Amino acid sequence: MICKSILVRKEQEIISLILHFASKIDSIRAVTLEGSRVNPNIKQDIFCDYDISFFLDRQSIYDFQNSNDEWLKVFGNLVMLQKPESMELYPPDLNGWFSYLMLFDDGVRIDLKLIPVEDMPFYKDSEKLMRVLLDKDNFFSPLNDPSDSAFFIKPLTKQSFLDCCNDFYWLYVCVSKDILRCEVLLANAHLNMMREGIFILLSWHIALKQRNFEFSLGKEYKFLPHFLSKAQTKKLYSCFNLGNKKQAKKTLKVLEKFFAQNARGIIDLYFRNTFCSLPYRKEALSYVKILKNM
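Residue numbering for the sequence shown follows numbering that gives the first Met the number 0, beginning at 0 and increasing consecutively.
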């Protein structure tokens, strides 16, 4: 059986479609492109989405929102559409903004936001990773080059390190209790929260070794394995083995040991004269022993 290859539209074609549409609609005052396609530190591939924002008055947003969705076909043949702000199950959280998440039959994905023009100052201040495609009123001029500085590794301070350890070992106790109750789903949820701690810790470790905190490890730390040894990556992935009580118990043990190992590494590199032991570890493990004897 021969699989027919799909011809994916080029970026220039997609941008031209968007600009042609926006230039004809007077109420659309500006258009921006955000995210991975403007990030100079991201390797571009055919899977990169198009994160687009249209800026227009609230009445026009209302009109688009309450019309049928036929106008979206100008961007291609839709396979699937999601309108998060129209959902009942998941309440909207964009505070007056409206979005269309579109999947097309050539594999292209466009995430389109409709943003009120009065929110442009807030957008300009908060969204640094973007490029202006159309600006009918010259609002965005002057503008700095796109930057992913908002996603740089969080600064390491004594308090932030203590907070990371405190939160991790607090959740360690929660997972231990979940396992004792045989509540595997809740243990899984708490383990997911614990992983954020190990991600932050590993990012600090990498930044200290690189002597540089001003870079990003990507969305959900996706580039983290690029900076780890094969053994570290294998250990990290083993922290995701779940499915039953036995696996959850083993994962908790692996995750805690991995966290402790890397936390001690940070203490050696950065807090040698501040901490003589790993904060909160002894207390959390002692409390879990109490739980197991109850």
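Worth double-checking, as some hints may not be accurate.
Said to hold, decoys possible - With a straight-line cut-off of 27 Å between C-alpha atoms, the simulated DSSO-like cross-links for lysine-lysine are:
#1 Lys-42 <-> Lys-23
#2 Lys-123 <-> Lys-42
#3 Lys-9 <-> Lys-42
#4 Lys-153 <-> Lys-123
#5 Lys-157 <-> Lys-135
#6 Lys-245 <-> Lys-218
#7 Lys-229 <-> Lys-249
#8 Lys-208 <-> Lys-176
#9 Lys-245 <-> Lys-256
#10 Lys-234 <-> Lys-249
#11 Lys-244 <-> Lys-208
#12 Lys-256 <-> Lys-112
#13 Lys-256 <-> Lys-281
#14 Lys-245 <-> Lys-234
Since the hints were derived computationally from the structure, they do not count as laboratory data. In this text, all values refer to a predicted model and were calculated from it rather than measured experimentally.
Legend entry - Hints the structure fails to honour: When the structure is compared with the hints, numbers 1, 5, 6, 8, 11, 12 turn out to be violated.
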